[in-house]
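Novice: In the order they appear, the protein sequences are chains A and B. Taking my numbering, I'd label the letters of the first sequence as residues 1 to 309. Taking my numbering, I'd label the letters of the second sequence as residues 1 to 283.
I should point out that these hints are in silico values taken from the structure, not numbers from a laboratory. Hints are not guaranteed to be accurate.
Below, a sample of chain A positions facing chain B; criterion: calculated Cβ distance under 10 Å [what the hints assert, rightly or not]: (1) 95; (2) 98; (3) 102; (4) 160; (5) 206; (6) 208; (7) 212; (8) 225; (9) 227; (10) 229; (11) 230; (12) 232; (13) 271.
Okay, the calculated bits of chain B under chain A, using three or more residues with CB under 8 Å as the criterion [as the list claims (entries may be wrong)]: (14) 101-111; (15) 208-219.
Predicted model only: the values in this text are computed from it and were never measured. Virtual Cβ for every residue (Gly too), placed ideally from N, Cα, C.
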Amino acid sequence: MKLQWLKTDYGCPPSPQLKGSPGKKSYIEKTLKGITSFFMNGLFSEEIISRGGLLQSIDPRVKVLTLGLLVVAVSLYKHLSVLLIVYFATVVLAYFSRIGLRFFLLRVWLFIPLFSGIIALPALLNVFVPGEPIFDLVTFKNETALGPLRIPGTISITRQGAQSVSLFIMRVAASVSIVVLLTLTTRWSHLLKALRVYRVPQFFTFILGMSYRYIHLLLRQIEDTHLARKSRTIGREKGVSGRTWTVSQIKFVLNRSMSTGEKVYLAMVSRGFTYELKTMDNFTLKPVDYIWTAGSLTAIAITLGVTWI
Amino acid sequence: MDIENIFEIRNLHYSFSGKYTALSDVSFDIRRGERVVILGANGSGKSSLLNILDGLTFPQKGEVRFMGHTVSEDILKDEGFNRFFRNRVGFVFQNSDIQLFCSTVWDEITFGPLHLDLHPDEVKTRVLEISELLGIVKLWDRAPYQLSGGEKKKVAIASTIAVNPDVLLFDEPTNGLDPRSQAELVDFLEILHKRGKTIITSTHDLNIARMISDRAIVLNECHGVETEGPTPAILEDTKILLKVNLIHEHIHCHDGEMHRHPHGHLGDHAHEHKHGRGHRHEH
């Protein structure tokens with residue numbers, strides 16, 4: 001008889017000895033979970049959208065217009081106090097839109113030090129922005145020159161530098177908060193439709209929509225593949241083999257996305273697609289949209305007036 | 001040309017990259033209003049055949065005629081013929097994730113009718129009525145990735161039916177569906193049949209084949225047509241089904257009933273089967 005090895009022996013399980021931190025996941029698992037969670041909940045959250053707060057009740061077209069104008073206005077404000085008021089207003093809006101304040105603040109302030117903080121920090125120093133020193137950091141014997149850059153004898157944080165950095169960071173914080181409010185309270189599909197209303201090229205919005213749609217599909221496939229591999233991995237895995245697998249997966253996902261793309265194109269052709277996209281929008285304006293538009297446009301006009309007059 | 005024939009397929013040959021044969025010398029006709037099932041084991045070429053019938057891929061040899069017109073890549077470039085063909089032939093893909101490429105269910109169902117230049121009011125009426133029939137109105141604002149397998153299949157069917165094609169191609173429609181969703185699908189196909197639609201389904205699910213077709217075309221593992229005939233007669237022909245690897249010696253069908261023989265060995269010996277009326281088996 002063949003398959004002699006195919007016999008059953010349940011045996012006795014060895015006593016498990018826990019090593020390392022309990023509940024610690026591999027870096028592949030953590031990265032995959034992080035990416036999936038960002039796309040599923042962080043960027044556009046169905047759960048927050050369905051909570052029915054203030055911003056969720058506003059028509060997407062109105063939201064894109066008013067919040068878009070507010071972002072433009074934020075880039076024009078010259079006073080820190082106005083920017084602080086706008087930022088505070090976004091926190092209030094988040095509260096009335098039933099977005100958890102901790103989640104909202106983290107979402108905004110995690111990005112700011114990462115992207116804008118690194119760019120802005122050097123401007124604090126008198127090396128780049130000369131001005132009235134408020135805090136000395138390092139003192140050298142002499143002044144030196146580094147190419148075109150003059151390094152003063154004492155490197156300090158200046159009042160002018162601190163003002164321009166706080167203005168820059170508050171501008172970024174207010175803008176990011178507005179965009180986060182828009183994306184967290186608007187369905188992705190509605191946002192794309194609203195962009196189409198404002199003449200953003202249809203092909204652009206369609207490709208954005210499809211990308212977001214298929215990122216979900218590919219992420220799910222990657223997660224399934226990872227779990228399938230995990231179920232057949234016996235013993236502890238070495239970091240090298242994990243990294244090798246990750247690289248092979250990148251190639252695999254790329255091939256799969258190309259093949260999916262071809263099939264999707266055939267599915268589109270099958271339903272009459274001939275390189276010209278046609279869509280139908282079914283938005284209707286409600287009284288709350290008119291009130292919101294009037295209120296936000298007035299607020300933008302007043303704050304701009306305070307800044308420029 | 002027989003005007004009763006919707007499709008006339010003659011000596012089709014199709015291979016992937018010119019190396020791997022998917023279809024070899026396939027010929028058959030499909031008549032108006034027929035319910036036809038294309039039976040074949042995995043890899044026998046069923047999906048490739050449906051892609052060709054829908055004018056998505058084209059055979060290296062042979063001819064596909066649709067209502068008397070040869071369907072080729074060049075002819076489908078003609079806008080008038082393309083519109084005529086796409087209006088009349090709808091395809092429900094095996095993998096709903098491939099077919100559902102829009103951001104919402106609403107966009108998905110409106111995609112086909114809008115691209116065939118229907119008036120927006122007519123599009124709205126169709127979307128509402130087909131969605132009510134399939135019970136998916138509540139899904140309109142949802143994204144396809146948020147749907148279950150059964151819901152995705154319903155949306156894929158709705159998005160195809162909204163175009164109101166005369167011929168419907170279904171590729172393995174019951175794959176991954178629970179029994180309730182399968183039964184709903186069978187009922188829906190019956191409604192379509194009563195409305196005069198020609199329904200061509202590829203499957204290896206013999207239980208479903210009996211319910212959704214009157215005629216069966218059987219593809220063999222050499223990618224050709226093994227036989228064709230009335231579905232009940234084909235499903236009774238154990239020899240043919242064994243030959244094309246659609247049934248196993250221990251699991252097969254007699255007089256419309258599936259039989260499972262209790263054996264617990266792995267291919268060490270073969271059995272002789274002599275079946276007569278009254279479900280008598282000899283081993």
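Novice: Now, for every hint given, state plainly whether the structure supports it.
Specialist: Hint-by-hint comparison with the structure:
1. At its closest, the beta carbon of residue 95(A) sits 25 Å from a beta carbon of chain B; the interface hint therefore is violated under the 10 Å criterion.
2. Using the Cβ-Cβ criterion of 10 Å, the hint placing residue 98(A) at the interface with chain B is not satisfied: the shortest such distance is roughly 19 Å.
3. About 26 Å separates the beta-carbon of residue 102(A) from the nearest beta-carbon of chain B, more than 10 Å, and the hint is not met.
4. For residue 160(A), the interface hint is violated, since its Cβ never comes within 10 Å of a Cβ in chain B; the closest pair sits about 47 Å apart.
5. For the restraint placing residue 206(A) at the interface with chain B, the shortest Cβ-Cβ distance is roughly 8 Å, inside the 10 Å limit, so the hint holds.
6. Interface restraint check: residue 208(A) against chain B, minimum CB-CB distance 9 Å, threshold 10 Å, status holds.
7. Among the interface hints, the one on residue 212(A) holds; its C-beta lies about 7 Å from the nearest C-beta in chain B, closer than the 10 Å criterion.
8. The interface hint given for residue 225(A) is violated, since its Cβ lies 16 Å from the closest Cβ of chain B, which is over the 10 Å cut-off.
9. A distance limit of 10 Å between C-beta atoms decides the matter here; for residue 227(A) the minimum to chain B is near 18 Å, and the interface restraint is violated.
10. At a threshold of 10 Å, the smallest CB-CB gap from residue 229(A) to chain B is about 22 Å, leaving the interface hint violated.
11. With its C-beta approaching chain B no nearer than about 23 Å, residue 230(A) sits outside the 10 Å limit, and its interface hint is violated.
12. About 22 Å separates the beta-carbon of residue 232(A) from the nearest beta-carbon of chain B, more than 10 Å, and the hint is not met.
13. Hint status for residue 271(A): holds, given a least beta-carbon distance of 4 Å to chain B, under 10 Å.
14. Figure legend: the stretch 101-111 of chain B, annotated as covered by chain A; annotation consistent (8 residues with Cβ-Cβ distances under 8 Å, at least 3 required).
15. Check on the stretch 208-219 of chain B: 0 of its residues sit with their Cβ under 8 Å from a Cβ of chain A, so the three-residue criterion for coverage is violated.
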